[in-house]
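Line order of the protein sequences matches chains A and B.
Residue 197 in my numbering is what sits at position 197 of the first sequence, and the numbering runs on without skipping anything.
Residue 336 in my numbering is what sits at position 109 of the second sequence, and the numbering runs on without skipping anything.
Among the clues, some could well be false.
To be verified - A few chain B residues facing chain A, derived, Cβ under 10 Å:
| # | residue |
| --- | --- |
| 1 | Glu234 |
| 2 | Asp292 |
| 3 | His305 |
| 4 | Asn404 |
| 5 | Phe410 |
| 6 | Gly416 |
| 7 | Phe450 |
| 8 | Ala494 |
| 9 | Gly517 |
Stated by the list, open to error - Okay, the calculated bits of chain B under chain A, using three or more residues with CB under 8 Å as the criterion:
| # | region |
| --- | --- |
| 10 | 296-302 |
| 11 | 342-352 |
| 12 | 417-429 |
| 13 | 483-492 |
| 14 | 499-512 |
Note that these hints are calculated values from the structure, not bench results.
As the structure is a prediction and not an experimental result, all values here were calculated from the model.
Think of the CB as a built atom: it goes at the ideal place given N, C-alpha and C, for glycine as much as any other residue.
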Amino acid sequence: MLDTTARIGTPEGIELTLRVAGPVPRALAWVLDLLIRAVILVIIGLGAGALGQFGAAIMMLSMFLLEWLYPAWFEVNWSGATPGKRAMGLMVLHDDGTPVRWSAALTRNLLRALDFLPFMYFLGYCAMVSNRDFKRLGDLAADTLVVYREEKPRTLKIPEAPPVAPPFQMSAAEQRTVLDFAERSARLTPERSAELAEIAASLTAGRSGDAATGRLVALANHLIGRR
Amino acid sequence: MRQAVFEQRHGEEIGRFERWLEHKQAGRRDRTRAVNALPDVEMPAVYRRICQLLALARDRQYSPDLVDRLNQLVLRGHHLLYGARGGHSARVLRFLAADFPGMVRDEWRLVVASMVLFFGPLLAMIAALIAHPDFIYHLLDPRHIAQFQEMYDPANTRVGMRDADDNVMMFAYYIWNNVKIGFQTFATGMAFGLGTIFYLLSNGLTIGAVAGYLTAVGHGVPFWSFVSGHSAMELGAIVLSGAAGLKLGGALISPRGLSRKAALVAAGRPAVKIMYGAALMFLIAAFIEGFWSPLKTFPPSTKYAVGLAIWLILLLYFLFAGRGRGT
Chain A
1 MLDTTARIGT
11 PEGIELTLRV
21 AGPVPRALAW
31 VLDLLIRAVI
41 LVIIGLGAGA
51 LGQFGAAIMM
61 LSMFLLEWLY
71 PAWFEVNWSG
81 ATPGKRAMGL
91 MVLHDDGTPV
101 RWSAALTRNL
111 LRALDFLPFM
121 YFLGYCAMVS
131 NRDFKRLGDL
141 AADTLVVYRE
151 EKPRTLKIPE
161 APPVAPPFQM
171 SAAEQRTVLD
181 FAERSARLTP
191 ERSAELAEIA
201 ASLTAGRSGD
211 AATGRLVALA
221 NHLIGRR
Chain B
228 MRQAVFEQRH
238 GEEIGRFERW
248 LEHKQAGRRD
258 RTRAVNALPD
268 VEMPAVYRRI
278 CQLLALARDR
288 QYSPDLVDRL
298 NQLVLRGHHL
308 LYGARGGHSA
318 RVLRFLAADF
328 PGMVRDEWRL
338 VVASMVLFFG
348 PLLAMIAALI
358 AHPDFIYHLL
368 DPRHIAQFQE
378 MYDPANTRVG
388 MRDADDNVMM
398 FAYYIWNNVK
408 IGFQTFATGM
418 AFGLGTIFYL
428 LSNGLTIGAV
438 AGYLTAVGHG
448 VPFWSFVSGH
458 SAMELGAIVL
468 SGAAGLKLGG
478 ALISPRGLSR
488 KAALVAAGRP
498 AVKIMYGAAL
508 MFLIAAFIEG
518 FWSPLKTFPP
528 STKYAVGLAI
538 WLILLLYFLF
548 AGRGRGT
């Protein structure tokens with residue numbers, strides 16, 4: 001499978017499916033966090049500047065806390081996400097799908113010191129693209145995953161058509177493929193969607209052109225329960 | 228069973244569970260408004276039934292819409308059911324009184340290795356520079372040497388001539404700088420221990436060189452009376468950071484029958500707990516270094532005695548604290 005999903009087993013004997021996040025959204029989340037931290041520091045700096053040496057002490061302590069504890073604190077106390085991660089719709093979980101606690105959050109964030117080397121998370125990036133769950137070194141050592149947060153299940157936008165029952169029992173993957181196709185068909189050129197629809201010959205039963213597309217959309221309507 | 232019948236039969240329970248989740252995850256202000264039809268004690272049983280529904284829905288190839296919705300509900304339930312843990316303050320005490328020194332004793336081989344890597348070059352450099360002080364110009368920038376020399380000049384009444392606000396600033400600086408060194412020493416241990424070894428050796432060499440040089444040029448008394456107070460906590464914390472880093476590296480070099488990843492995760496947990504302790508020691512060290520070490524109202528002999536006492540307490544703590552509690 002090319003899908004970037006992770007499957008985790010729960011004590012109830014169920015497999016949960018999670019979508020793991022790749023390097024790009026995570027890098028963007030990091031940049032957002034960096035900006036937020038910079039803004040906080042500037043605000044503290046404006047206040048502390050008036051206090052002389054004592055202000056410098058406050059600045060340095062804030063820098064320390066923001067650098068090492070800001071990510072870990074948010075990941076533990078704010079449903080697994082720093083503000084940047086939340087903005088990008090990401091969250092950190094243990095490998096078994098439970099929310100991260102201090103031990104794992106600190107491990108993965110302390111190991112940023114290594115992931116960052118030799119410049120701009122180069123090592124972390126190399127680690128991410130060489131395992132299937134996009135784990136940087138900190139995630140490997142802490143046994144954590146960064147996944148997409150999906151609060152509400154996505155609602156499919158399937159074009160309306162009179163529903164048609166499929167000629168045979170379709171597997172989950174087949175159903176999903178037909179639904180995805182029906183959702184995308186509105187955005188494809190008619191020629192391209194007909195070309196794609198004709199591949200599913202056992203479902204379109206020899207139809208071609210727009211009729212094949214229409215057939216799959218009708219099937220999709222049945223699959224999502226329109227009657 | 229057809230999907231429609233399935234949804235009709237279980238829809239009410241699924242809805243009840245969904246509303247319970249929304250109630251739990253709502254912000255404090257919204258919570259009173261959300262209707263809660265499900266008592267908390269019944270949640271685990273309902274959650275297990277929802278798990279069963281998900282398994283059935285998957286096995287019967289019901290529509291992806293329904294399977295996704297159930298998957299989402301089970302995931303949220305899983306977070307709430309297995310995420311909650313309490314009793315923090317009791318565990319912090321237990322950690323300090325027993326777990327931390329116990330863990331350090333468990334890893335005594337690594338601690339000794341880390342001590343050799345750090346104190347070896349440190350002591351060697353002290354000896355070398357007392358014999359040949361000029362050698363320091365091969366190691367450090369002349370400007371830094373001048374700074375050190377001025378800081379510990381016996382003619383100063385107080386080291387570095389600091390007032391109270393300066394003390395607070397230096398305290399903050401020591402936290403920022405020293406803890407960073409400790410964290411780097413630890414984290415780079417994941418590179419098969421190489422980074423840890425590098426940081427231990429280089430910090431040992433630098434500290435030893437400065438100490439040896441200042442002793443040789445006759446600034447020994449101000450220097451040693453300044454550093455004696457915080458030396459135990461600070462150097463001890465560096466050694467423990469090194470031991471934790473070596474633990475990570477060791478797990479990768481010799482995974483002992485586990486996969487390298489599993490060995491790393493297994494080593495990571497105790498290693499990071501040792502780092503909690505080390506970070507705390509850095510904090511105490513920074514406090515001593517910021518507020519006690521620069522005081523010149525006490526004669527050097529008092530400061531040496533305090534320094535030695537802290538070394539002794541730390542040694543006894545790591546040797547004996549928490550023994551016989553079956554940790």
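Evaluation of the provided hints:
Of the supplied interface hints, the one on B/Glu234 holds, with its beta-carbon coming within about 8 Å of a beta-carbon of chain A, less than 10 Å. Below 10 Å, beta-carbon pairs count as interface contacts, and B/Asp292 has one with chain A at about 6 Å; its hint therefore holds. Using the Cβ-Cβ criterion of 10 Å, the hint placing B/His305 at the interface with chain A is satisfied: the shortest such distance is roughly 6 Å. With a cut of 10 Å, the hint placing B/Asn404 at the interface with chain A holds, because the nearest CB-to-CB distance is about 9 Å.
For B/Phe410, the suggested interface contact is upheld, since its CB lies about 5 Å from the closest CB of chain A, less than 10 Å. Taking 10 Å as the C-beta cut-off, the interface hint given for B/Gly416 holds, the closest approach to chain A being about 8 Å. Nearest Cβ of chain A to the Cβ of B/Phe450: about 23 Å, over the 10 Å cut. The hint is violated. For B/Ala494, the suggested interface contact is upheld, since its CB lies about 8 Å from the closest CB of chain A, less than 10 Å.
Nearest Cβ of chain A to the Cβ of B/Gly517: about 9 Å, under the 10 Å cut. The hint holds. Chain A is given as covering the region 296-302 of chain B, and this holds because 5 residues of the stretch bring a CB closer than 8 Å to a CB of that chain, at least three being needed. Beta-carbon proximity to chain A at under 8 Å applies to 0 residues in the region 342-352 of chain B; the threshold of 3 is not reached and the given coverage is violated. Counting residues of the region 417-429 of chain B whose C-beta lies closer than 8 Å to any C-beta of chain A gives 3; at least three are required, and the coverage claim holds.
With a cut-off of 8 Å between beta carbons, the region 483-492 of chain B has 3 residues touching chain A; three or more are needed, and the interface restraint holds. Counting residues of the region 499-512 of chain B whose beta-carbon sits less than 8 Å from any beta-carbon of chain A gives 4, enough to reach three: the coverage restraint holds.
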